[in-house]
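The residues making up each chain are set out below.
Protein chains: 2
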Amino acid sequence: MKVLVIGASGRVGSDLVEKLLADNHQVIGTTRQDQQLFDADNYSQLNLDITAEKDDIQKQLADDIDAVYFVAGSGGKDVLEVDLHGAVKTMQAVQDKGIKRYIMLSTVFSLDTSKWGNPAIADLKDYYIGKHYADEWLVNDSTLNYTLVQAGALKEQVGTGKITVNSDKAGENAIADVAATLVAVLDADSASKKVFHIQNGETPIKEAIASL
Amino acid sequence: MKVLVIGASGRVGSDLVEKLLADNHQVIGTTRQDQQLFDADNYSQLNLDITAEKDDIQKQLADDIDAVYFVAGSGGKDVLEVDLHGAVKTMQAVQDKGIKRYIMLSTVFSLDTSKWGNPAIADLKDYYIGKHYADEWLVNDSTLNYTLVQAGALKEQVGTGKITVNSDKAGENAIADVAATLVAVLDADSASKKVFHIQNGETPIKEAIASL
Numbered sequence: 001m002k003v004l005v006i007g008a009s010g011r012v013g014s015d016l017v018e019k020l021l022a023d024n025h026q027v028i029g030t031t032r033q034d035q036q037l038f039d040a041d042n043y044s045q046l047n048l049d050i051t052a053e054k055d056d057i058q059k060q061l062a063d064d065i066d067a068v069y070f071v072a073g074s075g076g077k078d079v080l081e082v083d084l085h086g087a088v089k090t091m092q093a094v095q096d097k098g099i100k101r102y103i104m105l106s107t108v109f110s111l112d113t114s115k116w117g118n119p120a121i122a123d124l125k126d127y128y129i130g131k132h133y134a135d136e137w138l139v140n141d142s143t144l145n146y147t148l149v150q151a152g153a154l155k156e157q158v159g160t161g162k163i164t165v166n167s168d169k170a171g172e173n174a175i176a177d178v179a180a181t182l183v184a185v186l187d188a189d190s191a192s193k194k195v196f197h198i199q200n201g202e203t204p205i206k207e208a209i210a211s212l
Numbered sequence: 001m002k003v004l005v006i007g008a009s010g011r012v013g014s015d016l017v018e019k020l021l022a023d024n025h026q027v028i029g030t031t032r033q034d035q036q037l038f039d040a041d042n043y044s045q046l047n048l049d050i051t052a053e054k055d056d057i058q059k060q061l062a063d064d065i066d067a068v069y070f071v072a073g074s075g076g077k078d079v080l081e082v083d084l085h086g087a088v089k090t091m092q093a094v095q096d097k098g099i100k101r102y103i104m105l106s107t108v109f110s111l112d113t114s115k116w117g118n119p120a121i122a123d124l125k126d127y128y129i130g131k132h133y134a135d136e137w138l139v140n141d142s143t144l145n146y147t148l149v150q151a152g153a154l155k156e157q158v159g160t161g162k163i164t165v166n167s168d169k170a171g172e173n174a175i176a177d178v179a180a181t182l183v184a185v186l187d188a189d190s191a192s193k194k195v196f197h198i199q200n201g202e203t204p205i206k207e208a209i210a211s212l
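Residue numbers (my numbering), protein chains in the order written: chain A, 1 to 212; chain B, 1 to 212.
Don't read these hints as lab results, they were simulated from the structure.
Please read these numbers as outputs of a predicted model, since none were measured by experiment.
Careful: at least some of the hints might be erroneous.
As the list claims (entries may be wrong) - Partial pick of chain A residues on the chain B-facing surface, computed with a CB cut under 8 Å:
#1 Asp34
#2 Phe38
#3 Leu80
#4 Val82
#5 His85
#6 Gly130
Virtual Cβ for every residue (Gly too), placed ideally from N, Cα, C.
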C-alpha cells in the first residue's frame with residue numbers, strides 16, 4: 001500500500017516508518033526537517049507544514065495514497081496549532097482528497113473526560129483538551145474510515161509484541177509495540193471505525209487487534 | 001426571564017447584566033471574584049469555575065433558568081481551559097440540565113477558517129482555534145437552541161443602537177451595542193439557531209435582528 005506518515009521523525013513515527021518499509025509498503029514520511037530520514041527505495045519524504053491552510057496541505061497530498069497515519073505531536077509546545085487544528089486540517093484534507101483510511105495515534109482516555117481527574121492526566125490537561133477535540137472531530141464529524149489508537153506513557157523499552165487492550169487503568173507502552181500495533185491495524189477490518197487504548201500486556205498484537 | 005450570564009465581570013458581561021436588570025429579568029451573574037458586582041433585587045451571583053468538571057458545573061445551575069449567556073473569555077491566557085473546553089462544558093451542563101436556550105458571544109469568522117489569513121486574525125490564531133472548536137460544538141454537536149453572535153474588535157465607544165450584520169469585512173464594535181444585541185436576541189425567534197456577525201453600522205438593532 002501507499003502510506004503517508006505525518007510526523008515521521010518522532011519517536012513513534014520513525015519506528016512506524018521502519019516497520020512499514022520492512023513490510024514493503026510505499027511510505028511517504030512528513031517532517032519539517034530537511035535531511036532525508038530513511039534510505040530506502042520505497043521511502044520518499046515531504047516537508048509538510050500542518051499549521052498551513054487546509055487547502056495548502058491538501059495540494060501536497062499524492063493522488064494515490066491508500067492510508068494516512070497521524071503520529072505528529074507538539075510535545076505540549078503548540079497544542080492548539082499542531083495537536084488540535086493541525087490534526088483536524090489533515091483529516092479534512094485527506095477526506096476532501098477522497099482518501100478513506102486515517103489512523104490516529106492519540107492518548108489514553110482522550111475521549112473520556114470522566115477519567116481526567118487522574119493526577120497523571122491533570123498534569124497534561126491542555127494536551128488532553130487538544131487531543132480530545134481533534135479525536136472528537138475524527139470520530140463524530142468526519143466520514144473517514146478511522147482507527148483511533150490511544151496509548152499511555154511512551155517508553156524506550158524493548159518491544160514484546162504483546163499488548164493489553166482497553167484496560168480500566170492507564171499503563172506504560174513500549175514504543176516498538178505502539179508502532180507494531182499501528183502497523184497491525186492498517187488493513188485489519190476489525191479495527192475499522194474503532195477507538196481503543198493499549199498498554200504493555202500479554203496478548204499478541206495481531207490477536208488483540210482481531211478481537212476488537 | 002431567569003437568565004444566567006457566564007462571565008458577568010467582563011467588559012461585555014457587565015454591560016449585558018446591567019441591561020438585563022434594567023429590563024427586569026432575574027439575572028444570575030457568574031464570576032470568580034468574591035465581591036458582589038451589582039446591587040439590585042433581581043440580581044444574584046455565583047462563583048462558577050468553568051475549569052471544574054462538567055458535572056460540578058451542572059450541579060451549580062438552578063433548575064429554573066430560562067436562558068444562558070456565555071460572555072466569558074480568558075483574554076488569550078488560558079484558551080484551551082477557558083475559551084474552548086470551559087465553554088463546551090457549560091454547553092453540556094446546560095443541555096443535560098434540560099435548559100434549551102444558549103447564547104454565545106464569539107468572534108467574527110470563528111467558523112470560517114478561509115478568512116483566517118487576515119493579519120488581524122493571524123495575530124490571534126490560538127484564540128481563534130479555541131473559539132472555533134467551541135462554536136463548532138455548539139452548532140454541530142449540541143441540541144441547544146443557540147444563537148452565536150460574532151463580534152469584531154471590542155471598543156469602549158458610545159453605543160449608537162445601530163449595527164451592520166454579516167458584512168464581508170470585519171469591523172469595530174461598540175461594547176454597548178454588542179451588549180444590546182445580546183439582549184435583543186434573547187427571545188427573538190428570528191435569532192434561533194442562527195450564526196451571524198455584527199459591527200458598528202446603520203441598522204437599528206431590533207430591525208437587524210428581525211431580518212436574520
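Status of each hint after checking the structure:
With a least beta-carbon distance of about 25 Å to chain B, the hint placing Asp34/A at the interface is violated under the 8 Å criterion. Hint status for Phe38/A: violated, given a least beta-carbon distance of 32 Å to chain B, over 8 Å. Proximity of Leu80/A to chain B holds as hinted, the smallest CB-CB distance being about 4 Å (cut-off 8 Å). About 10 Å separates the beta-carbon of Val82/A from the nearest beta-carbon of chain B, more than 8 Å, and the hint is not met.
Given the 8 Å rule on beta carbons, the hint for His85/A holds: about 5 Å separates it from the nearest Cβ of chain B. Residue-level restraint check for Gly130/A holds (minimum Cβ-Cβ distance to chain B is 6 Å; threshold 8 Å).
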